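Novice: This is what each chain is made of:
Number of protein chains: 2
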Amino acid sequence: MMNKIDIIIVDDHVLFSQALNGLVSNFDEFNVVTVLNNGKELVDYFSKENKQPQIVLMDIKMPIMNGIEATQWLKDNKPEIKVLALSMEADEDTILKMLRAGAKGYLLKDIHPSVLQHALKEVDASGFYYTENVTNTLLNSINHKQKSIAIKLKDRELEFLKLACTERTYREIAEVMFLSPKTVDNYREALFEKLGAKTRIGLVLYAIKEKIVVL
Amino acid sequence: MMNKIDIIIVDDHVLFSQALNGLVSNFDEFNVVTVLNNGKELVDYFSKENKQPQIVLMDIKMPIMNGIEATQWLKDNKPEIKVLALSMEADEDTILKMLRAGAKGYLLKDIHPSVLQHALKEVDASGFYYTENVTNTLLNSINHKQKSIAIKLKDRELEFLKLACTERTYREIAEVMFLSPKTVDNYREALFEKLGAKTRIGLVLYAIKEKIVVL
DNA sequence: TTTAAAAAGGGGAAATATCCCCTTTTTTAA
DNA sequence: TTAAAAAAGGGGATATTTCCCCTTTTTAAA
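Sequence lines, in order, name chains H and Z.
Just remember that the working numbering sits 120 ahead of the position in the first sequence, which is counted from 1.
Just remember that the working numbering sits 120 ahead of the position in the second sequence, which is counted from 1.
Derived by calculation from the structure, the hints in this document are not laboratory data.
Quick caveat: nothing in here was measured; it's all calculated off a predicted structure.
A portion of the hints provided could be inaccurate.
If several chains are the same, the list does not tell them apart, and a pair holds so long as it fits within one copy or across any two.
[To be verified] Here are the simulated BS3-like cross-link-like pairs (lysine-lysine), alpha carbons at most 27 Å apart as the crow flies: (1) K217 / K318; (2) K241 / K171; (3) K329 / K318; (4) K124 / K229; (5) K331 / K274; (6) K195 / K331; (7) K241 / K229; (8) K198 / K168; (9) K124 / K160; (10) K302 / K318; (11) K329 / K282; (12) K217 / K282; (13) K331 / K318; (14) K274 / K241; (15) K282 / K331.
All chains should be built: construct the whole structure from the sequences, respecting the hints.
Specialist: If you want it as structure tokens, here you go:
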């Protein structure tokens with residue numbers, strides 16, 4: 121008989137975690153060492169026990185110490201243990217935080233048991249299991265960082281704003297725009313007002329944030 | 121005998137693609153339908169042939185039509201075919217473009233054959249295979265934390281630079297840093313010199329470009 | 001065609017930023 | 001322990017930015 125892979129389940133919903141326990145215990149390859157109710161219990165567990173599981177099946181929303189904190193703790197203190205997140209929510213922010221904390225995979229609780237089994241095997245064998253879902257979420261959050269609130273600027277103001285994001289002085293900007301320096305003053309003051317800026321630096325920060333200028 | 125999974129290899133390096141052909145053909149589960157030299161040949165192939173492979177092993181850098189364009193074309197025209205990218209480079213930009221174009225995985229050419237075999241099986245069975253490498257790249261590009269700083273800045277200079285990217289005056293920056301305004305002058309001038317800037321705007325542009333400050 | 005709004009221009013002044021060439025203090029390395 | 005380097009501070013001048021309160025010119029709409 122081959123050695124089974126030790127797993128700890130951390131989840132505060134007892135009904136669910138016990139069901140999960142039964143499920144995983146039925147997988148030939150895995151052995152559930154213990155079932156804990158939150159991150160704190162996991163940390164306490166390691167202060168008492170010498171045994172280390174290969175994988176922790178981690179819920180995210182939990183009282184006292186949540187899954188993100190617990191995963192971060194494991195990364196810092198037991199980096200060889202792999203965390204597979206198991207969550208109800210698939211919102212971008214949670215996924216991001218969990219992955220940054222070091223999770224090796226992120227599954228939703230409504231998956232088919234066979235997928236869980238497959239994921240566990242992958243995490244054991246390859247060290248990770250990132251689903252299409254997770255990857256797409258990451259791709260999305262790169263794309264729609266933030267939609268511009270789009271204060272509407274006139275063409276000439278936009279032109280000035282772009283030039284303000286260079287090392288040109290206002291005098292030089294005036295030359296480029298074929299305007300008097302005094303008129304450029306007006307554009308500056310108008311944009312200070314519209315964009316809530318107090319200095320030229322503020323204009324630059326706004327322009328870059330809103331992707332009016334691209335670096 | 122089970123049905124083998126059909127694969128097309130697209131790569132302009134003939135020596136490599138032929139070696140890859142031999143390798144994959146030796147895998148029990150897979151059958152290499154044909155080997156093509158670039159994306160254009162792949163598009164042409166589908167205009168002549170009715171047969172469709174399940175998976176395309178796609179190089180990225182190729183003449184005439186590169187792997188990104190070809191993958192995008194497949195997504196638009198043959199969405200049921202899965203693309204597994206196989207590349208020399210692991211730079212962020214390329215990975216992002218390839219995934220956006222619809223690749224179901226991204227492997228480097230220096231992996232072990234068994235990993236390729238495993239990835240192919242995963243792509244066939246699950247529809248995707250995203251490695252830790254790829255996921256970390258995505259995470260990084262969200263964080264914008266890739267430190268490509270060519271010029272090494274001292275801690276205190278970095279601190280000043282970040283403050284320069286705000287609407288604070290130098291006098292206020294001096295207060296925050298517990299320095300005399302004159303010392304702040306020195307930091308400014310030192311950075312002008314190091315970063316080739318002539319004005320504070322130049323500092324801000326540099327800091328943002330190099331991801332020293334995140335907006 | 002009249003009228004209002006937008007764009008352009010300006011005077012003048014105070015606050016900041018830029019610049020160059022110094023000294024003193026603290027840290028680091030030989 | 002001593003020399004050198006880095007960090008901190010400064011004087012003083014000029015240039016630029018910021019600010020407020022104006023006029024003139026051009027454009028667009030009634």
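Novice: Run through the hints listed earlier and report the numbers of any the structure violates, in increasing order.
Specialist: 1 and 14
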